[in-house]
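Chains as they are written, first to last, in the working numbering: chain U, 1 to 265; chain H, 1 to 428.
The set of hints was computed from the structure by calculation and includes no laboratory data.
Virtual Cβ for every residue (Gly too), placed ideally from N, Cα, C.
Misleading hints may appear alongside valid ones.
Claimed, not checked - Taking lysine-lysine pairs in the DSSO-like style, the calculated list, with each CA pair at most 30 Å apart, reads:
1. U:Lys-86 x H:Lys-386
2. H:Lys-386 x U:Lys-14
3. U:Lys-129 x H:Lys-185
4. U:Lys-19 x H:Lys-156
5. H:Lys-155 x U:Lys-142
6. U:Lys-128 x H:Lys-296
7. H:Lys-343 x U:Lys-14
8. U:Lys-142 x H:Lys-412
9. H:Lys-411 x U:Lys-142
10. U:Lys-33 x U:Lys-157
11. H:Lys-386 x U:Lys-62
12. U:Lys-157 x H:Lys-37
13. H:Lys-185 x H:Lys-296
14. U:Lys-129 x H:Lys-386
15. H:Lys-330 x U:Lys-142
16. H:Lys-386 x U:Lys-142
17. U:Lys-62 x H:Lys-343
18. U:Lys-128 x H:Lys-386
What the hints assert, rightly or not - A short list of chain U residues far from chain H (calculated; beta carbon distances all over 10 Å):
19. Glu-17
20. Asn-44
21. Asp-183
22. Asn-195
23. Tyr-216
24. Asp-257
As the list claims (entries may be wrong) - Calculated Cβ distances over 12 Å to all of chain U for the following chain H residues:
25. Glu-3
26. Ala-14
27. Leu-53
28. Asp-98
29. Ala-226
30. Leu-281
31. His-324
32. Asp-371
33. Gly-398
34. Tyr-427
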Amino acid sequence: MATLEVRDLHVSVKDEESKKEKEILKGVNLKMKTGEIHAIMGPNGTGKSTLSQTIMGQPGYKVTQGDILLNGESIVGMPVDERARKGLFLAMQYPAEIQGVTNAEFLRAAINARRPQDDQISVMDFIKKLDKNLELLDMSQKMTERYLNEGFSGGEKKRNEILQLLMIEPTFAILDEIDSGLDIDALKVVSKGVNSMRGDNFGSLIITHYQRLLNYIVPDTVHVMMDGQIVETGGPELAKKLEDEGYAGLRDELGLDIKLVDDED
Amino acid sequence: MTELAEAKEQLTSASQQHDEPRFLLNQRLFARDLMEKLRLPRMQRFKFHDWPLIADQPLTWVSSNTDLEELAPDDEVIRVTQVGQTTVKIHIPEKLQDEGVVLTDIFTAAKNYPEIFKKNFMTAIKADENLLTAYHMAYLNAGLFLYVPKNVEIKKPIEAEIVQDNTQDQPLISHILVVADQGSKVKFIQHLTTVGKNENPANMMIELIAKDNSEIDFSSLDELGASTHTYFKRRADIGRDAHVEWAVGLMNDGDTVGDMDSELLGECGYANSKMIAVTTLNQEVGVNNRVTNHGKHTIGLINQRGVILENSELIFNGIGQIIHGAHGSKADQQNRVLIMSDKARGDANPILLIDENDVEAGHAASVGPVDPHQMYYLMSRGIPRKQAERMVIRGFLGAVLSAIPAADVRKKLVDILERKLTDGQQYQ
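Work out the full structure, taking the sequences as your base and the hints as a guide.
Below, the structure is given as structure tokens:
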């Protein structure tokens, strides 16, 4: 069993215009194990993406206090590629486009990066695995010969993130708004992909605004994040409650003095 | 006797000894006179005036050791190999010979095909342009000639393997002349390499004469050695409705300065001039890539990508010129360089000279490090930094890589690239 733990995490980013450090995460605590699916919900601008990027190790985010532990080992200060090889994966909201590198070539490089030099995946095994996952995600063979994300539609990019998840088979996957911009059919396909990974050796942290995705990928635990902190944790019913009452309802119920970005003045 | 008179007497005897036609000798002598008054060419933001680009040597005929690996005879392949001044072999299928295709060394062409040769040789590039073009004409000592008759299409690329011989103290002054007659189509790939470690200049010129409605794809993989100072000049004269595509992989190890020129002379001509360059160690490389729209409704495109490693310097000037009267023409260029170390220096300068209103012109340029967003994405999948960097760079160079028609040459270029990048990354 593997664990991922976030302890009293404070994170700042530099504002591009004012060049001032701004604190986004203000003491986040979270603990998860493989075999579990956690969801983080919350209104816009509360730090959900900051949390996922910080766990992955995006260089723009600065940890000012607290720690992130993967199997008890601190990964703060560890380069992104090393975190990935230790089992972390982030399905991104805005994947990069890379011309000249085919999807297939990229997938092989990613798989081989976590295998020893003398035990690289064989072409046959790779193709078998690829074909199986393409079918699961209802993707065409052609997608793998195209350049990485280049000219992909929004939906194709999301599917491609999930294809990578299935190919790389990480221990913990963070899915950052994987549902945004997806129609209902694509949402079902993407969910099917994630559900196929469920099991004792896989854990996932799903970040979303909407409850809808959680109808297809039913979480074990739901966290609500507001203003850089987790303010409530519960079971799947918490997501349903939010859908009914909204974030403002929960805030008022908890007696929090937080201004939501989308609040009318 | 003056120095000039001595030099001309030497040229005369060397030319006669080589059994050259009189007109060629006259061109040499005329060019030798020009050398007295012409200067080195200039290039914006790039200095090379102290380079040894002219050998202090008479015109000498030498033969090179051609002990090369024999390639399996293959009737389908059209290949020519030259080592130094020595033509090792020319293989051209009989069918094409019957159709009138001519592929010979440049001196045989002057002797055996004087009409077509005289009409085209040194007409796109002129001896009086600068000191190095005059030097080229006066001391020419190697080269190739290809003639493709009207409406003949050569489907397989013609592969020229040109080896500069630095086991001797001899400059390589080489000229490739390609004449594509009306309606013909041809793909030409040259691969330049060096054997030996002696220091010599290389003066390498290419003229493409693309007559009306013809198509020439010219690819070049330049891999000259570290002890060679290279000046190259490659120019295409492009007729009505003719297409010329250049795809150059500039991978020389030594200092290099060069001019690419595409002259869109006839109406509705098309030129696409693509180049990638990788510089390493203390190398200095400067390139002017110029496309000039003379004819109406012509399209001129430039795409240059460079990667500057270690302590090297690379300057890319893109020059798009539209001459007055070239209505409805288009000039578009991209010049981009990646700077991979603190000591690397480089620039990408787009220069647009537009003398006509009814045209479309655009440019894009960038100078900087590899895209951090792309790096983060690849690394977030576990790919180590250096490998990710090479992948991003290969993507950055992709447009030119994919334009090379022969898979084996493309593979060779990718291999050289991997090697240069891997070596260069050690330095960071």
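Hints, verified against the model:
no., hint, result
1, U:Lys-86 x H:Lys-386, "holds (18 Å)"
2, H:Lys-386 x U:Lys-14, "holds (27 Å)"
3, U:Lys-129 x H:Lys-185, "violated (44 Å)"
4, U:Lys-19 x H:Lys-156, "violated (58 Å)"
5, H:Lys-155 x U:Lys-142, "holds (28 Å)"
6, U:Lys-128 x H:Lys-296, "violated (55 Å)"
7, H:Lys-343 x U:Lys-14, "holds (28 Å)"
8, U:Lys-142 x H:Lys-412, "holds (26 Å)"
9, H:Lys-411 x U:Lys-142, "holds (22 Å)"
10, U:Lys-33 x U:Lys-157, "holds (28 Å)"
11, H:Lys-386 x U:Lys-62, "holds (24 Å)"
12, U:Lys-157 x H:Lys-37, "violated (62 Å)"
13, H:Lys-185 x H:Lys-296, "holds (23 Å)"
14, U:Lys-129 x H:Lys-386, "holds (27 Å)"
15, H:Lys-330 x U:Lys-142, "violated (34 Å)"
16, H:Lys-386 x U:Lys-142, "holds (28 Å)"
17, U:Lys-62 x H:Lys-343, "holds (29 Å)"
18, U:Lys-128 x H:Lys-386, "holds (29 Å)"
19, Glu-17, "holds (19 Å)"
20, Asn-44, "holds (22 Å)"
21, Asp-183, "holds (25 Å)"
22, Asn-195, "holds (22 Å)"
23, Tyr-216, "holds (25 Å)"
24, Asp-257, "holds (36 Å)"
25, Glu-3, "holds (53 Å)"
26, Ala-14, "holds (48 Å)"
27, Leu-53, "holds (34 Å)"
28, Asp-98, "holds (40 Å)"
29, Ala-226, "holds (27 Å)"
30, Leu-281, "holds (25 Å)"
31, His-324, "holds (37 Å)"
32, Asp-371, "violated (7 Å)"
33, Gly-398, "violated (3 Å)"
34, Tyr-427, "holds (20 Å)"
In summary, the structure is inconsistent with hints 3, 4, 6, 12, 15, 32 and 33 from the numbered list given earlier, while agreeing with the others.
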